[in-house]
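Sequences and hints are given; from them, build the entire structure.
Residue-level listing of the chains:
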Amino acid sequence: MRLLLIEDEKKVADIVSRGLRAERFAVDVAYDGSEGWELASAADYDLIILDLMLPGVNGTELLRRLRRKGCNAAVLVLTARDATQDKVENFEAGADDYLTKPFAFAELLVRVKALLRRPLPSRNPVLRVADLEVDRLSQQVRRAGKRIELTSKEYALLEYLAANAGRVLSRTMIIEHVWDQSFEGLTNIVDVYVRHLRSKVDDPFPTKLIRTMRGAGYSVGEDGEE
Amino acid sequence: MNTRSLKFQLLGWYALLLASGFGLLGVATYVALERSLTGAVMDSQLRRARQLVPLLLEQRQPLGDQRLGEEIEARYAPDRNDRFVRISREDGSVLYLSAPPIDQSFDPASLPPPAWPSAAESSRKAPLLGGRQMLLTSHKVQAPEGMKYLIETGAPMDDVQADMRHWLTFLGVGLPVEMALALGGGYVLVKRALGPVDRIAASAERISSSNLSERLPVPQTGDELERLSVALNHMIQRLEEALQYSRRFVADASHELRTPLTILRGEIESFVQDPRLTADRREQLGSVLEEVEHLTHIVEGLFAMSRLDAGEAQSEWVRFDLAQLAAATADQMALLAEDKKIRLSCVANGGVWVEGDRSRLKQVVVNLLDNAIKYTPPEGAVSLAVKAVDGHAVLEVQDTGIGIPAEALPRIFERFFRVDRARSREQGGAGLGLSIVKSICAAHYGRVEATSTPDKGSHFRVELPLAKPQTKQPFQNS
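Protein chains in written order, with my numbering: chain D, 1 to 226; chain E, 227 to 704.
Mixed in with the good hints, there may be bad ones.
Which bits of chain D does chain E cover? Going by a derived footprint, with three or more residues having C-beta under 8 angstroms, they are [stated by the list, open to error]:
{"id": "1", "segment": "15-25"}
{"id": "2", "segment": "55-62"}
{"id": "3", "segment": "103-111"}
{"id": "4", "segment": "209-219"}
Honestly, the hints are just simulated from the structure, not real lab data. Backbone N, C-alpha and C define an ideal beta-carbon position, used for all residues, glycine too.
Structure follows, in structure tokens:
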């Protein structure tokens, strides 16, 4: 999979490209619009990550030109602006997804993978983490063969964690996926739900699956699994 | 009427000046009139006395005292003319005394004998019965043989007194009428002159931070009030510029902070992944990440507010049921309350339609409920109610929490304001929750207000305009 990152902020470009390379993507980096245009014209990319605030050229304009030229790559737009009008304008210009700065790298990765239609850790209807089973069809949860009753929010939270097993999910990501943006940043709602989830999923068992990564968020996985 | 208002004071001073002016004028005319009338009577009496001088000097010797009296009566008939004449010698003995007038209006004999005057001519007043007065004039005469006489003439002051009484009546009736007319006119004038001030004040009061682009009406009169309203308008413009500058600054600053925050976060996140890190180091980095997260929330809150304040919230304007939204949100937050053993109740029986940005208004409910739960001790209660009142959608959140001290109450909607810094920091949050609520409400043409009793609880009330009833409801069944 070949990715093109067009980002004028060198440090942001470094972090993103480093992280993506660690995930075994081939990443080319362009630090301005014209370089991005040249690279995108020369090679066939699967995905372009495009920062909108580029020196010299407007990111949205660049995106339009790429689409007119027949570029089929999925495009993920990075921006510091998150007004709905901007979003609409960029979707119309041909963007496939949108991510607002500042973002957690994990979130970027989830979106990149979704855009590339690369299967997320599991598309299997039954998610398995150690002896935990999450059945996405019947929405039933078992651990060590024993059925665990969860409320719908608890289930949604556990499914999101299990589907991204081994990955640290930030509170912001969890809120956006399990609740909605209105809850962002204001409540300890994630912590409360995780505590309730733990009391049902972890407390009765010797091995703990839900881990807290201070400052980063939560993850589900067996100890040692990364 | 406000006794300290300019209108009242102007009118008061005006009335005072007018009353004293009229009063002085009345007294002055009264005195002058009386003098002039009395003077006229006195002059005619003195003239008569002078006419008697040659008669006295020339006829007394040939005629004798008795005939002299008859001569006087024949010539001047004082009894028929209501006049008084008395001629006395220096020793006080009376040479001649006129008879009482025909109508018996006074008795000449009862008038007091004269004190010998020093001046050649003088006058005095003597009281008569029934409050009447008589004016007496005296004229000294020295006969060639050395005898001295005093000729007194007099006339009752009845006419003068009647005129003065008429004048007093006229003043007594005329002055109040004049005062009333002048005051009425003054009131109309003052009202007309100060009317524009009232209008300027009323328009100035309507202008707040949300409609600073409005201006006061400028009366095209060329007077001080035009200057005042123009000056006020200039001031409002400077305020508007300052406010715009501050909003732009917040928007720019929060925007500029995004990229460094992304870098900071990305670097630390990748650093945390390093397996060689000790647990202690990982913990420290986690703490740094928490602060980055906190900072991110502040930046996003500020940015969201600057956009709301700039009126950029109208992009997702839809019609929806606030009651239903509130009930669903309360449901989503039920566990938060349950976790603290707080009873969360919701009275929202549907059908309270408003227009606006759904997710923004949901944020209002989330922030208010979160606040209520945060500041209510375990075993307390939080209630949420949505209803339509007088054409407004009203959303209320009531808690049994620690409350807000009265002195802090007016400031709780300010950015970063915290009642108790130490405790709030521990509770989390960026100190922007309520100011975001206020900005969202303002962007939806509504308002939010709070009342509170410390240790009893707080009450937040959000008021939004109801959506206009839809005429066509094609999707509604039943």
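Status of each hint after checking the structure:
no.: 1; hint: 15-25; in the structure: holds (count 4)
no.: 2; hint: 55-62; in the structure: violated (count 0)
no.: 3; hint: 103-111; in the structure: holds (count 4)
no.: 4; hint: 209-219; in the structure: holds (count 4)
Hint compliance for this structure: hint 2 alone is broken.
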